[in-house]
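In the order they appear, the protein sequences are chains A and B. Read in order, the letters of the first sequence correspond to residues 1 to 210 in the working numbering. Read in order, the letters of the second sequence correspond to residues 1001 to 1116 in the working numbering.
It is worth saying that the hints were derived from the structure and are not from the lab. Hints may be right or wrong, so weigh each one.
[What the hints assert, rightly or not] With a straight-line cut-off of 25 Å between C-alpha atoms, the simulated SDA-like cross-links for lysine to any residue are:
1. LYS1022/B to GLY19/A
2. LYS183/A to GLU76/A
3. LYS1022/B to GLU138/A
4. LYS1013/B to ASP167/A
5. LYS1030/B to GLN141/A
6. LYS64/A to ASP75/A
7. LYS1044/B to LYS183/A
8. LYS1030/B to ARG38/A
9. LYS1044/B to GLY19/A
10. LYS1030/B to ARG95/A
11. LYS64/A to MET103/A
12. LYS1044/B to GLN141/A
13. LYS1022/B to ASP52/A
14. LYS25/A to ASP52/A
15. LYS1030/B to ARG31/A
16. LYS1022/B to ARG99/A
17. LYS1044/B to ASP167/A
18. LYS64/A to LEU1039/B
19. LYS1013/B to LEU150/A
20. LYS183/A to GLU138/A
21. LYS1013/B to ALA22/A
22. LYS1044/B to ASN68/A
23. LYS1030/B to GLY19/A
24. LYS1022/B to LEU23/A
25. LYS1013/B to GLN179/A
26. LYS1013/B to GLY165/A
27. LYS183/A to LEU80/A
28. LYS1013/B to GLU35/A
29. LYS25/A to ALA1040/B
30. LYS1013/B to VAL48/A
31. LYS64/A to ARG39/A
32. LYS64/A to ARG49/A
33. LYS25/A to SER1029/B
34. LYS64/A to GLY1043/B
35. LYS1013/B to GLY19/A
36. LYS64/A to GLN96/A
37. LYS1030/B to GLN28/A
38. LYS25/A to LYS1013/B
39. LYS1044/B to ASN1032/B
Predicted model only: the values in this text are computed from it and were never measured.
Take a look at the letters that make up each chain.
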Amino acid sequence: MDVGTADFAVSCTGTLETGTRALQKEQQLNRFLAEVERRALRIAEIAVRDRDEALDLVQDAMIKLARNYSERGRDEWTPLFYRILQNGVRDWHRRQAVRNRVMVWFRKKPTEDNDYDAIAAAPDPAGRAPDEELANSEAMQSLEEAIRDLPARQREAFMLRTFEGLDVAGTAIAMGCSQGSVKTHYSRAVHTLRDRLEEHRPGSSGPVEG
Amino acid sequence: MKRSDEDFGRQAKEAFDASVDKLDAATLSKLNRGRQAALAELGKPAAQWSRWMPATGVAAAALVAVMVLQAPAPVDEVPTSVTDMEILLGEDSIEMLEELEFYSWIDTVELEGDVG
C-alpha cells in the first residue's frame, strides 16, 4: 500500500468513527427524550394549565438540550433537561403577567348589560375529548388542583422529586438551588398536599388533625 | 389514619403515572415530532438571535416598553419595570411583540365571545 492510499484509508476510518459516534449520540438522546417526554409534558401541563403551551415548552426544552448539552454525559441530561423546562415554565408565567399588563392598553371594557352570561360562562362538557376525560380521574384532578395552589418552588420540588423521581442532588440542579432548599420545599409541599387531600381519600372522614 | 409521607408520595406517583399512560395518540404524535425536531438540532451551532433580530422587533419593544412603564399595574401583580423590560427584550418575546395586533384582535374576539 502506498502512502497516498494509506492516508486515504486513515481518513476514511476517522470519518467513519466520527459518523458512528454521532449516530450513537443521536440514538442515545432519542432514547432519553422518548423516555422523559411524556412525564415532562404532564409536569409542564400541571404548571401552566394548558396542554398546547406545555407541548411548546417541552419541545423547546428538548431542542435546547440537544443544541447545548448533547455532549454531556447521559446521567447529566435529566437534571439539565428539567432545569431548562422549569426555566421555560417560569418565563412563561412572567410573559403571561407582562402580556396582561400590555393588553390593558388594548382591552375594551365590556358593556354593563353584558357583564355576565351564565350560559356562556358554563363549562361545555361536549368540548372535552374522551381521552381528556379519562386522563382526568378524580384523584389526579384533586391532586393537580392542590399542586397548582402550592408556591412555585414547592410545586417544582414536589413534581421533580415525586413524579420524575429525581434525587435531592438532581432536583437541586434542576431548580438551581441548594439541596437544603430542595428538602425544605419538598417537605412543606408534601405536608400541605397530604393535609389538603386527606379529605378526598376513600374511607377518610375528613380533614385530619395534625 | 393519616398517611405517611412515603405512602402519600407513592400514591401521588401512581395517580400521575396513570395520567401519563392515558395521554392520547395525537399528543404522543406531537411529542414525537418535537423530539425529531430536537434531534435535527444535533451538531448545529447555538443560535445567535441578536444577529437576526428584526428591526421591527426592536421598534415594537421600545413602543411596548413605554406602554408598560405607564400602564396601571393590577393590585395583585407586582413585577418591576426592570423585569418587564428583560422579558420584553428577551428572545422569546420578539415574536409576541411583532404580533401585537394579532393578540389585540384575539382579546377583542374573546371579549365579544364572552358577551355574545
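* Asked: Which earlier hints turn out false for this structure, listed by number in ascending order?
  -> Violated: hints 1, 7, 11, 12, 14, 16, 17, 20, 21, 23, 24, 35 and 38.
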